[in-house]
Amino acid sequence: MRQALCVLWLASVALAAAPPALSPEELARVKAAEAARVQAVQSVYGAVVAIYGPTTDRGGGSGVLFDEDGFALTNHHVVRAAGRAGKAGLADGGLYDWELIGTDPGGDLAVIRLKGKPKFPAAPLGDSQAVHPGDWAMAMGNPFVLAEDFCPTVTLGIVSGIERFQPGERGGRTLVYGNCIQFDTSINPGNSGGPLFSLQGQVIGINGRGSFEERGRVNVGVGYAISIEQAKNFLAELLATKVCQHATLDATFQDDAGRVTCNQINEDSAVAKLGLGLGDQLIAFEGIRIRTANHYLNLITTYPAEWPASVTFRNAGGERTVWLRLRALPYGQMPQRRPDARIPMPKAKEKEKAPEPKEKAKAPPRPEFEPGKIMSKDLNRRECERTLRRWREFLRNAAAQTAPAVRCEETVVADGKPVGRRRVLRAADGRFRVDVLEGYGDLPKGAAWAFDGKSFWRHVPGEPAVKRDQADALKETDVALARALAAFAQDKPLDAFAAVELEGGDKALGQRAFRLRVEDKAGSKLLFWFSVLDADSPRVRLLKAAVDSSQKGADGAWAFADYRPVAGIRIPHRTARVVGLEERVALEFVVATAEAVAALPDDAFLPPEGAK
Amino acid sequence: MRTLRFPIEQPMAALFAICMGGTGVPPVAHGQDARATQEARAPGTHDSGAFRDAMDYAQKRCARLYGGGAGREHGYATGLLVSPDGLILAAQGIYLSGESLRVVLPDGRRFEAETVRRSEKLQAVLLKIEAKTPLYFNLAEGARVEQGDWVFAISNAFNVASVEEPLSVSLGIVSVRAEMEARHRTQDVPYEGDILLVDAITSNPGAPGGAVCTLEGKLVGMIGKLFQSVNTRTRINYAVPVDMLQRFVEGKDDEEPPAPPDEAPPKGQGAYVGIRLFKLSGERAPAYVDSVAPGSPAHAAGVRKDDLVLAIGQDVVRTCREYEEAVAKLKSGQDVPFLLKRGMTIKTVFLTLAAKPEKPK
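Residue numbers (the numbering used here), protein chains in the order written: chain A, 733 to 1344; chain B, 264 to 624.
Keep in mind the hints are simulated off the structure, nothing from the lab. Take the hints with a grain of salt, since some may be wrong.
If you want a taste of the chain A side facing chain B, the calculated C-beta under 8 Å gives, among others [stated by the list, open to error]:
| # | residue |
| --- | --- |
| 1 | C883 |
| 2 | T887 |
| 3 | D916 |
| 4 | Q996 |
| 5 | L1332 |
Listing some non-contacts, in silico: residues in chain A with all C-beta distances to chain B over 12 Å [said to hold, decoys possible]:
| # | residue |
| --- | --- |
| 6 | P853 |
| 7 | H864 |
| 8 | D881 |
| 9 | L888 |
| 10 | G889 |
| 11 | V891 |
| 12 | G893 |
| 13 | R896 |
| 14 | A1025 |
| 15 | S1042 |
| 16 | R1113 |
| 17 | R1114 |
| 18 | F1126 |
| 19 | D1184 |
| 20 | R1190 |
The following label-pair restraints were derived from C-beta to C-beta distances [stated by the list, open to error]:
| # | chain 1 | residue 1 | chain 2 | residue 2 | range |
| --- | --- | --- | --- | --- | --- |
| 21 | A | A767 | B | D462 | 50 to 56 Å |
| 22 | A | V1311 | B | G331 | 24 to 30 Å |
| 23 | A | E1100 | B | V493 | 48 to 54 Å |
| 24 | B | D319 | A | A1231 | 54 to 60 Å |
| 25 | B | G371 | A | P850 | 53 to 59 Å |
A quick note: this is a predicted structure, and the numbers were derived from the prediction, not measured. We put the beta carbon where it would ideally sit given N, CA and C, even for glycine.
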């Protein structure tokens, strides 16, 4: 009673001391801000997925479509409960089939693909590195599996903290949330796998966990989202249909009087062989200055195994930066039981259960996940097709017709200085010819080499001519590369090869990349790095190419940059020979002039007279 | 400390800042449009989140506390720096009963804290560390808030933030300023005075002692000890108002007349006994005396802590509820026999009942 009186009393005071009314201009701006928020919600509303198992009556989780082809991000623990396939509801009211593409037990991420629509709505992936405590954070999903029309629930709160670390389930290495976003936006069981949006409607994280305690698994204002940067690091791995593994440096670090020092190291590891030892100070990881041991742990948690990383450390020998591929952190025994901290899939309401109690729907068998393995060669191949289709779309730049060949004059650059010139003729069918106009390196002026479709020849003045026919010609690296690149530009590129596989994620030219391995019919094995889908553009660019070896490009690769359209096709205006994981540029070719060649003369690819 | 960096003064302006924050107004670089954009955003705001500056301000004035834990009670909490010489306000809790109490300041410095004094009324404690703390909340400059005002809470909830990380922040509004009857697990809590009910969730382990601030960064109150409402048995998200904190820190709260210890306001003439019962497990518990108010009729008659009340007048008292029912029938000026069990003996004392004192405002 007293409390009620108090409320009334306060209310009257509030009325008496009412703040000045908004001016019409202020009101208009407030309304505009609200309208902008509503608009942001509307723009991504259709991309939020309600994920179920084989039937919709056994609980569910959430997800978010990030690709018009129906690909959606969700949590590993959602698909672990739901199985390898199931049903997915969208705000359009439709119920679609989904299948599992790839999953990451360590970072609690998974990618599924929805089927049954030529083009799905997709939400743009944002930049979680720009997220700051105090930023607005919108969550969408299907809490308590309450939406019977599959329309997502929207909640709004703020980012409570960033760079949080939440250990794995039962102290293990699965479902670890490193460098994650903490927020006070309400999430509840069923929100798992759903998106955390910025107020602009960009995905900044994947919700999946909360701090609960003794009050049961309901929102207490402390939720966690996997940062979208981590999701991007794993996207290529997931799309390759892998069961992802996380990275380890084979060394651990501690805080030591303001420094971060190595306190455990595997003496047989790559990093030990590169010079890191006990007590050495960690300065930077992947170019990021390390503040604390926890900061480092946060970062390494977000990278996949085999990631090419840079590590800067300081010891008696001074400060050094080394590059190495991170090894896979073994999972050990993978837990099958539901952990306490995650948001479980809530049980469906009583009334929604199957009407005939005798025919109880069986729970889907829990999928077994074998770490590091590509789960489906077929789905992996389809992803290769998709990547190459997008590469083709980028390459052709929507041009209906492309020239049969492009001729470029290139300046050869070494150590930042021009050292030579050459002319390159590339035909769309893979034929090419290079003429050295000004000598560089070992190549004198007048040197030339070419592939005319059947044979490969090389002519260096003063040296015996080289000529290879048929199968031998195709095995020449330059020829294999040129032919592969030409095939990629065709409508059915995969037919040209004996084998094509998306090996997974990698880094090329400092960017996240898909790494494709192709084996052509002559037996040449090549690697190609394509940029991972951009948030604002579903196009991919070829970043790098190399002959396949155990070094995976570190023993030498060709890098491509500065794409510009020439007669309806995009040509890289900078090509470089790069060496090592740090991609040190050995030699660079910069296009000075480029022109389309409308008609190729018959002798375009023939060797000069007398070069037999 | 005298002037805050946040020029927003009007509640409406603050609300406006909230609405404008992060609406995706594109940054415009030049000329008229740039000014218009500047105006469209409240001062001190960023692209997204209108209150970063205020949060940064408050972060620098909150400390982490680590002490003893026991069972379900956590060994960590939050504290507010309230003076330039190391005074820290915090909530009472099990963590204080550890062998030592460690304080980690926002700049990473660590100290052991001594207890200066405790307030039972506010369930608060004043701590002291031997350090200069030039960044602190000036309690005299605390903000008065009204129902519906936006506030944010900063705390070490769940001990999520490791030492070098900023504390957790959450956003809400002031729901009401009201009195509260509180309990923690099975025990009633002798909190006296108003609370500021907020709709940000603050009732999490480690959060007590955290700051509740306006969007300008002015202190509104301190997240209090974890309580449940006696009525609803749900956790209360609240702050101890800054004016009450100020009185406690200045040592002025003792000057107030003591509040009547009786919980149930007596009906009828409202006789005053001066006994507070020990309610370990609710109203069915036997009526053991927890405390006797100094100068009260019970005190004059020699009632002591830990006495068990067996009967009042003709009424047998088996439970706390029956005690309250019996007391409710009493009238001031009466001489009433109280039958007590003290240790292994039974004795009768006579209380000359007084009128119920005025409840202090």
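Hint-by-hint comparison with the structure:
1. C883: violated (23 Å)
2. T887: It is violated, given that the least Cβ distance between A:T887 and chain B is near 12 Å, above 8 Å.
3. D916: Holds, about 4 Å.
4. Q996: Violated, because the Cβ-Cβ distance from A:Q996 to chain B comes to roughly 19 Å (cut-off 8 Å).
5. L1332: At about 48 Å, which exceeds the 8 Å cut-off, the nearest Cβ of chain B leaves the hint on A:L1332 violated.
6. P853: holds (19 Å)
7. H864: Non-interface label fails for A:H864: nearest chain B Cβ at 6 Å, not farther than 12 Å.
8. D881: holds (28 Å)
9. L888: Its Cβ does come within 12 Å of chain B, the nearest being 9 Å, so this is violated.
10. G889: violated (6 Å)
11. V891: violated (7 Å)
12. G893: violated (5 Å)
13. R896: It is violated; A:R896 is separated from chain B by about 6 Å at its closest Cβ, not greater than 12 Å.
14. A1025: Since the minimum Cβ distance to chain B is about 10 Å, A:A1025 lies within 12 Å and the statement is violated.
15. S1042: Holds, since 23 Å exceeds 12 Å.
16. R1113: Non-interface label on A:R1113 holds, nearest chain B Cβ at 40 Å vs cutoff 12 Å.
17. R1114: holds (36 Å)
18. F1126: holds (27 Å)
19. D1184: holds (54 Å)
20. R1190: holds (54 Å)
21. A:A767 <-> B:D462: 50 to 56 Å: violated (24 Å)
22. A:V1311 <-> B:G331: 24 to 30 Å: Taking Cβ atoms as reference, A:V1311 and B:G331 lie about 58 Å apart, which means the hint is violated.
23. A:E1100 <-> B:V493: 48 to 54 Å: Since the Cβ atoms of A:E1100 and B:V493 sit about 51 Å apart, the hinted range of 48 to 54 Å holds.
24. B:D319 <-> A:A1231: 54 to 60 Å: holds (55 Å)
25. B:G371 <-> A:P850: 53 to 59 Å: For B:G371 and A:P850 the Cβ distance comes to about 56 Å; the hint holds.
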